[in-house]
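Protein chains: 2
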Amino acid sequence: MPDRIDHVAIIVRDIEQALLFYRDTLGITPGEIQEVPTEQVRIAFLPLGGPGGSEIELIQPLTANSSLSKFLDKRGEGLHHICLEVPDIDAALAEMQAKGAAVLDTQPRIAAEGRAIFIHPKVANGVLLELVEKEK
Amino acid sequence: MPDRIDHVAIIVRDIEQALLFYRDTLGITPGEIQEVPTEQVRIAFLPLGGPGGSEIELIQPLTANSSLSKFLDKRGEGLHHICLEVPDIDAALAEMQAKGAAVLDTQPRIAAEGRAIFIHPKVANGVLLELVEKEK
Chain A
1 MPDRIDHVAI IVRDIEQALL FYRDTLGITP GEIQEVPTEQ VRIAFLPLGG PGGSEIELIQ
61 PLTANSSLSK FLDKRGEGLH HICLEVPDID AALAEMQAKG AAVLDTQPRI AAEGRAIFIH
121 PKVANGVLLE LVEKEK
Chain B
1001 MPDRIDHVAI IVRDIEQALL FYRDTLGITP GEIQEVPTEQ VRIAFLPLGG PGGSEIELIQ
1061 PLTANSSLSK FLDKRGEGLH HICLEVPDID AALAEMQAKG AAVLDTQPRI AAEGRAIFIH
1121 PKVANGVLLE LVEKEK
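In the order they appear, the protein sequences are chains A and B.
First residue of the first sequence? That's 1 in the working numbering, and the numbers climb one at a time after it.
First residue of the second sequence? That's 1001 in the working numbering, and the numbers climb one at a time after it.
Possibly wrong hints are sitting among the right ones.
Ranges of calculated distance between the beta carbons of each label pair, as one might list FRET restraints [stated by the list, open to error]: (1) A:20 to B:1088: 21 to 27 Å; (2) B:1105 to A:104: 36 to 42 Å; (3) A:110 to B:1102: 34 to 40 Å; (4) B:1032 to A:52: 22 to 28 Å; (5) A:37 to B:1135: 42 to 48 Å; (6) A:50 to B:1135: 17 to 23 Å; (7) B:1062 to A:37: 45 to 51 Å; (8) B:1073 to A:102: 48 to 54 Å; (9) A:1 to B:1032: 14 to 20 Å; (10) A:136 to B:1031: 29 to 35 Å; (11) B:1102 to A:104: 44 to 50 Å.
Everything labelled a hint here was simulated from the structure, so no lab data went into it.
Think of the CB as a built atom: it goes at the ideal place given N, C-alpha and C, for glycine as much as any other residue.
Isolated chain A, as found in the complex:
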């Protein structure tokens, strides 16, 4: 079972523009903007709720042909996925596969927050779900 919501991700065209609302209007102090070359994105986390609190993640695709860019072109800016923390990502992957959930990864990928797998929205009522084991 997942321990907690780690973050909720929002896909945006331009992180600086998005911060005009999330930082300046809403008043959340963002972490540093990071570039993640393996995913061809820039990301920024908006910490909420203190240590252990669930965060908002802003994601800006950097290239035109990634799956994230295609999502943005098709659906526009908005909610993209929920990430739940699990204690053991290898056990979670095995359990999801055993239960027949459509996992998009055959082994955990290296994400910004730790080792992670994604579950297809078709088995999760239209929601793209990430499960992550955070780096200790």
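Could you slot chain B onto chain A? The hints should help.
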């Protein structure tokens, strides 16, 4: 500034069907299914992260002509909104209005978790945002 993410809401056609994944496959123990007649919905919260943790909310529209039903017909099942907890909803409403954010309420509405306002997705990068002051 918001204190924390209170919940992330997922709109579904049938809560019992959605629980086959979220409860049985993913392993989250849901709270009771509640009917909210004023909003013409059934809802269930999936608590995560212990006391004070951010939750997932499942929302099932009960009538055909509500804005939630129309959202479901147009976009299908999936992520619907993020709800952030604020310490004082009247102050938050006044601040959002003063900063020109498009607030969908002229005064706080009574939601399942307390007094709440909604902010239009057009100012929040495509995300419908709820701000709530929880009942003490």
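Structure-based check of each hint:
| no. | hint | in the structure |
| --- | --- | --- |
| 1 | A:20 to B:1088: 21 to 27 Å | holds (23 Å) |
| 2 | B:1105 to A:104: 36 to 42 Å | holds (38 Å) |
| 3 | A:110 to B:1102: 34 to 40 Å | holds (39 Å) |
| 4 | B:1032 to A:52: 22 to 28 Å | holds (26 Å) |
| 5 | A:37 to B:1135: 42 to 48 Å | holds (46 Å) |
| 6 | A:50 to B:1135: 17 to 23 Å | holds (21 Å) |
| 7 | B:1062 to A:37: 45 to 51 Å | holds (47 Å) |
| 8 | B:1073 to A:102: 48 to 54 Å | violated (24 Å) |
| 9 | A:1 to B:1032: 14 to 20 Å | holds (19 Å) |
| 10 | A:136 to B:1031: 29 to 35 Å | holds (31 Å) |
| 11 | B:1102 to A:104: 44 to 50 Å | violated (35 Å) |
In terms of the numbered hints stated before, the structure departs from hints 8, 11, listed from lowest to highest.
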